[in-house]
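Peer 1: Residue numbers (my numbering), protein chains in the order written: chain A, 1 to 139; chain B, 1 to 139; chain C, 1 to 139; chain D, 1 to 139.
Do not rely on the hints blindly, as some may be mistaken.
Identical chains blur together in the list; that is why a pair holds if it fits in one copy or across any two.
[Claimed, not checked] Computed cross-link-like contacts, EDC-like style, restricted to lysine to aspartate or glutamate with a CA-CA straight-line distance of at most 16 Å:
1) 57 <-> 130
2) 56 <-> 77
3) 105 <-> 55
4) 105 <-> 3
5) 56 <-> 4
6) 57 <-> 104
7) 56 <-> 78
8) 57 <-> 120
9) 105 <-> 65
10) 105 <-> 122
11) 57 <-> 4
The set of hints was computed from the structure by calculation and includes no laboratory data.
Computed from a prediction, not measured in an experiment: that's the story for all the values here.
Protein chains: 4
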Amino acid sequence: MHDDFPTPQIWMAHRVSYGETDAMGVVYYAEYFHLFERARGEYIRRCGMSYAQVEKKGIFLPVREAQCRYRSPARYDDTVLVRAAISQWGRASLRYVYEIWNEDKTTLLVTGMTQHAVTDRESRPVPVPDWLRALVVAP
Amino acid sequence: MHDDFPTPQIWMAHRVSYGETDAMGVVYYAEYFHLFERARGEYIRRCGMSYAQVEKKGIFLPVREAQCRYRSPARYDDTVLVRAAISQWGRASLRYVYEIWNEDKTTLLVTGMTQHAVTDRESRPVPVPDWLRALVVAP
Amino acid sequence: MHDDFPTPQIWMAHRVSYGETDAMGVVYYAEYFHLFERARGEYIRRCGMSYAQVEKKGIFLPVREAQCRYRSPARYDDTVLVRAAISQWGRASLRYVYEIWNEDKTTLLVTGMTQHAVTDRESRPVPVPDWLRALVVAP
Amino acid sequence: MHDDFPTPQIWMAHRVSYGETDAMGVVYYAEYFHLFERARGEYIRRCGMSYAQVEKKGIFLPVREAQCRYRSPARYDDTVLVRAAISQWGRASLRYVYEIWNEDKTTLLVTGMTQHAVTDRESRPVPVPDWLRALVVAP
């Protein structure tokens, strides 16, 4: 795809379970934020370090804002493809963006973003560590 | 409170369960969207008709966009207070806004909004029915 | 009701949200365990101490086994009534039992139980403290 | 492993997300039932037909009973391995059993089972169809 989604980026496949659907027969709107979380975990892991390891180094990335636009519903048993990337770095923050596509990438189902603070163990904002930035910029 | 939160508005109390928390010891970010849904259900119910009844009349309000800002975390066993109101009406859409406060209303924990389409059973957009508008404007 | 459900017991009302339902149009089977958790939290609270306070005193009640029988489904917007009690005390364990009824208590929807260890902060089994037993036996 | 877990059987890997954990730092007890559902979906799929297709043929497998024993906790970012099989066939019912192991299969974390009715679209019990039985017995 010729597009302007930030790089590096990752794609992650996900099969929709019954537990993610609601009585409308589609994926419940809050569930996409679980998918976003899985995707950003996968992103950092493919950069070479799991988010669990990031936390062990004393760095935490709590969500400060989350947003999602719903274009087309996903249903039980669908395989959806989640695309994720870091789109922006602040002094003590960063932003992930997401897209969710149907299996053959012909329909964009959902777009979204999460804004994160960078903090220490006591939830105090800290500048983005160089090692974190380096990890992502050149994965 | 002297504030500009839209009226009519409702307040709904909610006790945080273990199942809503995560390994950070706080309410998981996606859970607030469940609270928003509970609050807008309560809102329409206090206007005189449950959302289940709205659906039975052939009107559906699927979420088109959702957004949440996280200011301060809620924890297990906290009682939080969710405030909700409809802030805007479109021709075939409406918008809810939300705030979540701690029990004594001294700390604003979360703000958010959800944008809804107004559709028929086949997911086709329809103009906001007069009875729905009337229900809410003068509850 | 003339029945043999253990005493003391509590009843807790719960309104079914969209987020608890699945594509079958009924409450998803795992959601009842969230309700069980809410009910046992309410139980201990009505005995005079929240589970959060129990934990602060260094006592934890992790679930060792959970079981649920599904007799009749609950649906969106239903008010269900959850009944809970402690049915059994071991040396370092206790068991909760649950029933979930429809709003007018004419239909039993679900029965279940959870078996809990009594542990200290390091997850080591400890005898049931006298204060915990006293709390519940004569609430 | 020399063991008596029924065959045919499947193994499914699952990465634990933040959204599945609770304030104790471990996977919340109700989440394992979501994993069981994913595993039985995967089981039937590997037999050659997705559960979505089973439903399209007019056969439904609602859960009548669910049970889980918790031996050792799973934590954020752990990869767990879910093993599933059908252990028993009734005239109009079937039973799945499950085990969840840590990544290197040295620690059994969880065991469980789900009992299912076999019904038509109107939730009436029907005998297990031959095609369903054949699908599973010789995958």
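Peer 1: Regarding residue 57 and residue 130, is the shortest C-alpha distance of 16 Å or less found within a copy, between copies, in both, or in neither?
Peer 2: within (13 Å within a copy, 42 Å between copies)
Peer 1: When Cα atoms must be at most 16 Å apart, do residue 57 and residue 104 count as within-copy, between-copy, both, or neither?
Peer 2: neither (39 Å within a copy, 25 Å between copies)
Peer 1: When Cα atoms must be at most 16 Å apart, do residue 105 and residue 3 count as within-copy, between-copy, both, or neither?
Peer 2: For residue 105 and residue 3, only the intra-copy Cα distance (13 Å) is at most 16 Å; the inter-copy one is 43 Å.
Peer 1: For residue 56 and residue 78, with the copy left unspecified, which applies at a CA distance of at most 16 Å: within, between, both, or neither?
Peer 2: Between. Shortest inter-copy distance 14 Å satisfies the 16 Å Cα cut-off; intra-copy 35 Å does not.
Peer 1: Using 16 Å as the alpha-carbon threshold, which applies to residue 56 and residue 4: within, between, both, or neither?
Peer 2: neither (33 Å within a copy, 39 Å between copies)
Peer 1: Could you figure out if residue 105 and residue 55 sit no more than 16 Å apart (CA to CA) within one copy, between two copies, both or neither?
Peer 2: neither (34 Å within a copy, 26 Å between copies)
Peer 1: Within a copy, between copies, both or neither: where do residue 56 and residue 77 come within 16 Å Cα-Cα?
Peer 2: between (36 Å within a copy, 12 Å between copies)
Peer 1: Measure nothing new, just compare the shortest in-copy and cross-copy C-alpha distances for residue 57 and residue 4 to 16 Å and report within, between, both or neither.
Peer 2: This pair counts as neither: shortest intra-copy Cα distance 32 Å, inter-copy 43 Å.
Peer 1: How would you classify residue 105 and residue 122 at a CA-CA limit of 16 Å: within, between, both, or neither?
Peer 2: Neither: 41 Å inside a chain and 24 Å across chains, both beyond 16 Å.
Peer 1: My question is about residue 105 and residue 65: at a cut-off of 16 Å on alpha-carbon distance, are they close within one copy, between copies, both, or neither?
Peer 2: Intra 27 Å, inter 21 Å, cutoff 16 Å: neither.
Peer 1: Checking residue 57 and residue 120: alpha-carbon separation at most 16 Å within a copy, between copies, both or neither?
Peer 2: For residue 57 and residue 120, the Cα distance is within 16 Å only inside one copy (9 Å; across copies 28 Å).
Consistency with the previously given hints fails for numbers 3, 5, 6, 9, 10 and 11, ordered from lowest to highest.
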